[in-house]
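Engineer: Which chain is which? The protein sequence lines are B and V, in order. Note that the working numbering has the first sequence beginning at 1, numbered continuously upward. Note that the working numbering has the second sequence beginning at 1001, numbered continuously upward.
Source of the hints: derived by calculation from the structure; they are not laboratory data. A couple of the hints might just be wrong.
Claimed, not checked - With beta-carbon atoms standing in for the labels, derived distance ranges:
1) V:G1623 <-> B:V66: 48 to 56 Å
2) B:V78 <-> V:L1650: 14 to 22 Å
3) B:V67 <-> V:R1613: 58 to 66 Å
What the hints assert, rightly or not - If the Cβ cut is set under 8 Å, some of the chain V residues that face chain B in the computed set are:
4) G1641
5) L1642
6) L1643
The C-beta atom is built at its ideal place from N, Cα and C for all residues, glycine as well.
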Amino acid sequence: MAIGWYLAVSAIVFSIGAGGVLTRRNPLVTLLCLELMLNAANLALIAFSRMHGNGDGQVFAIIVMVVAACEVTVGLGVIVAMHRRGLIIDVDELRELHG
Amino acid sequence: METLAWLVLILPLAGSLISALGFRALPARAPAVIGTAAIAGAFACTIGVLVKLQDLDAEHRQVVFVAWDYAQTAGVDAKLSILIDPLSVFMMLVVTGVSTLIHLYSATYMKGDRGYARFFSYLNFFVFSMLVLVMAGNFFLLVVGWAFVGAASYLLISYWYRRTTATTAGLKAFVINVVGDVGLVLGTYFIFRHSGTLDFLGTFETAGSQPEGSLTAGCILLLVGAFAKSAQIPLHTWLPDAMEGPTPVSALIHAATMVTAGVYLIARMWPLFEQAPAAADVGAIAGCVTLLVAGTIGLVVTDLKRVIAYSTMSQIGYMIMAVSAGAYAAGLFHLMTHAFFKALLFMAAGSVIAAMAGEQSLDKMGGFRKAMPFTFGCFVIGGLALAGIPPFSGFFSKDEIITLVGERGGWHYALYTAAYVGSFLTAVYTWRMIFRAFWGKAVPEAEELEHGHLHHAEEHRNPATGELEDTDVGFPGPEHHIAERSAAMKVAMGLLAVGAIVGGLLQIPLGGTDVVDTFLEPTFEGSQYAHLHASDGFTTLSLIIGTVLAVGGIAVAYYIWVLKPGLSAQIQARFSGLHRLFANKWYFDELIELVIVRPFSWFGRFGQQTFERVVVDGTFVGGTTLVVRAGSAAVRALQSGLLRAYAALLVLGLVAVVFYFLLQS
Chain B
1 MAIGWYLAVS AIVFSIGAGG VLTRRNPLVT LLCLELMLNA ANLALIAFSR MHGNGDGQVF
61 AIIVMVVAAC EVTVGLGVIV AMHRRGLIID VDELRELHG
Chain V
1001 METLAWLVLI LPLAGSLISA LGFRALPARA PAVIGTAAIA GAFACTIGVL VKLQDLDAEH
1061 RQVVFVAWDY AQTAGVDAKL SILIDPLSVF MMLVVTGVST LIHLYSATYM KGDRGYARFF
1121 SYLNFFVFSM LVLVMAGNFF LLVVGWAFVG AASYLLISYW YRRTTATTAG LKAFVINVVG
1181 DVGLVLGTYF IFRHSGTLDF LGTFETAGSQ PEGSLTAGCI LLLVGAFAKS AQIPLHTWLP
1241 DAMEGPTPVS ALIHAATMVT AGVYLIARMW PLFEQAPAAA DVGAIAGCVT LLVAGTIGLV
1301 VTDLKRVIAY STMSQIGYMI MAVSAGAYAA GLFHLMTHAF FKALLFMAAG SVIAAMAGEQ
1361 SLDKMGGFRK AMPFTFGCFV IGGLALAGIP PFSGFFSKDE IITLVGERGG WHYALYTAAY
1421 VGSFLTAVYT WRMIFRAFWG KAVPEAEELE HGHLHHAEEH RNPATGELED TDVGFPGPEH
1481 HIAERSAAMK VAMGLLAVGA IVGGLLQIPL GGTDVVDTFL EPTFEGSQYA HLHASDGFTT
1541 LSLIIGTVLA VGGIAVAYYI WVLKPGLSAQ IQARFSGLHR LFANKWYFDE LIELVIVRPF
1601 SWFGRFGQQT FERVVVDGTF VGGTTLVVRA GSAAVRALQS GLLRAYAALL VLGLVAVVFY
1661 FLLQS
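Extracted from the complex, chain B is given alone in its bound form:
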């Protein structure tokens, strides 16, 4: 199979993830969509790895997974903590960063 198909799938998944991040207001869903984007990247990395016939891309993919796992851990922890304090869980409400 040509590499183009893999990349097309990767691009579609990435776009779905990006669209989710941009449109959804629930931080839990935002995190899930971020995961989608990361995994789309992983897919592209592994497809290229196969194409070139070496393991470099796979190493990258594993590192991305590790980062993703860390990120989810922290992100979920923050969300749970906010929930426990009774804060509103809505990204649009978390605006303390405004100038």
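The hints should help you fit chain V onto chain B, whose structure is shown.
Structural biologist: Coordinates of chain V only, in the frame set by chain B:
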């Protein structure tokens, strides 16, 4: 020799610092002892340097000592170096010698002043600065000494800081001296640009190869510095006002040492000035004009100290004219004899002023001859030397200057004639002062003193304005000291009187002696005027004219102010226009006010009220804040805090980058 030379500098500085920092811990009289001892020590060290310098061969009598490199960068090598040669040793001798005696005099004269320690600290600092100036081995240190001397002069003129007249005079002196400093620094730059070295000796070697225009400009700027320090026209107006300072200060700074710095500068820079004859001519003419103008003002001034101040200006005019015309040794010889008799005259004047309880007006003086025999004697010796009566010192030195200037020939004969007119004026105004203060009917103060009682003022008034004085710290003090009652003052004045009498014997014309010439020869080796000597006939003629004019001047003064007491008022009435011109000091203050002060203050007001408000505050400051505020408002609007908006921007940017590369390929 090196240690001794540095000690000459270190001792006055140490004396100044000890008096300044330790005045609370020290006994009340200690600053005078420390100050006098420090300067006397410096004088002894100078003698040591002199002896060692004379041991060297004539061609090796230019020694440079370097303490350390202050800065060595980008072609500038500013060393802390001193140059010991006959000229600097000569100046060191005059400065430390006269200063020692003036310190001794001040020890008594300033006794009643509550700022005793401050006075001696300033005085020592002044001597230190002056020594830095004359010992400097490069332009860098010269400028430092030059500025220090100006600062010391400011401090000492406004020493009685409760008097507004004194503080104003101090400011005036400082500002005019800064004009000179700027001239000196710019002149140094012009010369340095082509010589590439700040060292005197190195610069002089390149003097011949410098482009003439630039060198002339540099030398004229150096002259600006010299004129400001030496009170030459048109930068002279500060010197008469500087008489607001205590009398010993007038004797030390405004007669014997500081004001001769310009003479020293021109003599030191002779290799440059000989390559820039136009600049030297400017110096000679300015000196000549100054000696005439100052002489005429001296005829009508009624303030005792100001008469002597104008005579100082006039005598320095002679020196500037001499060194500019190539008569270096003659100019410096006059510098030395002048230091003796002028310091002596000021000290004697201080004694008279003390007897008058601070009053300085000649109109209120008279008949002090019997009351103050010692002061009178000193005044007469100083007056004879100043007028140029043989065999007093001023006779030999002034006539040597005039003869050598005449020897240059050509238009120098105009200077020669003017110098004789000045010499006649000198005799008249000097003796007018003496006749008015010591002859005539004894004033009440003099009578009181004859009966053994020194007059004290009931209330203290400023002698210049007559306003009542604040009797706190910055005030002359209620006590007065006259030479007749103080051994220290007598010693100081006596030694100077001896100097004023015999100083001229160092250099007797017509094959007598030529100590000063011979001593200074190594410094002026190679000068085109080194062999400027007048023929015996011309010298004799000049000596006779000088003597006749001096005696004639004194006789005229005697006739007008002693024999015919009403005559001077008649003359004043007859020549009222001329009298007004002289009494208003040729309107120089008004002229400077009109030409420089007014435009500058107008410019300053314009700058403050219009330029600063509209351009600086309105446009620059206001405009900048406006731009920043508008920009920050726009950026602040972007920082909404909406996470999704940030992400959208991120994606948008990414998409733009992707599209850019897609379109590229």
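Engineer: If a hint holds in the structure, say so; if it doesn't, say that too.
Structural biologist: Hint check:
no.: 1; hint: V:G1623 <-> B:V66: 48 to 56 Å; verdict: 53 Å, holds
no.: 2; hint: B:V78 <-> V:L1650: 14 to 22 Å; verdict: 20 Å, holds
no.: 3; hint: B:V67 <-> V:R1613: 58 to 66 Å; verdict: 60 Å, holds
no.: 4; hint: G1641; verdict: 3 Å, holds
no.: 5; hint: L1642; verdict: 6 Å, holds
no.: 6; hint: L1643; verdict: 5 Å, holds
Every hint, counting from the list given before, is met by this structure.
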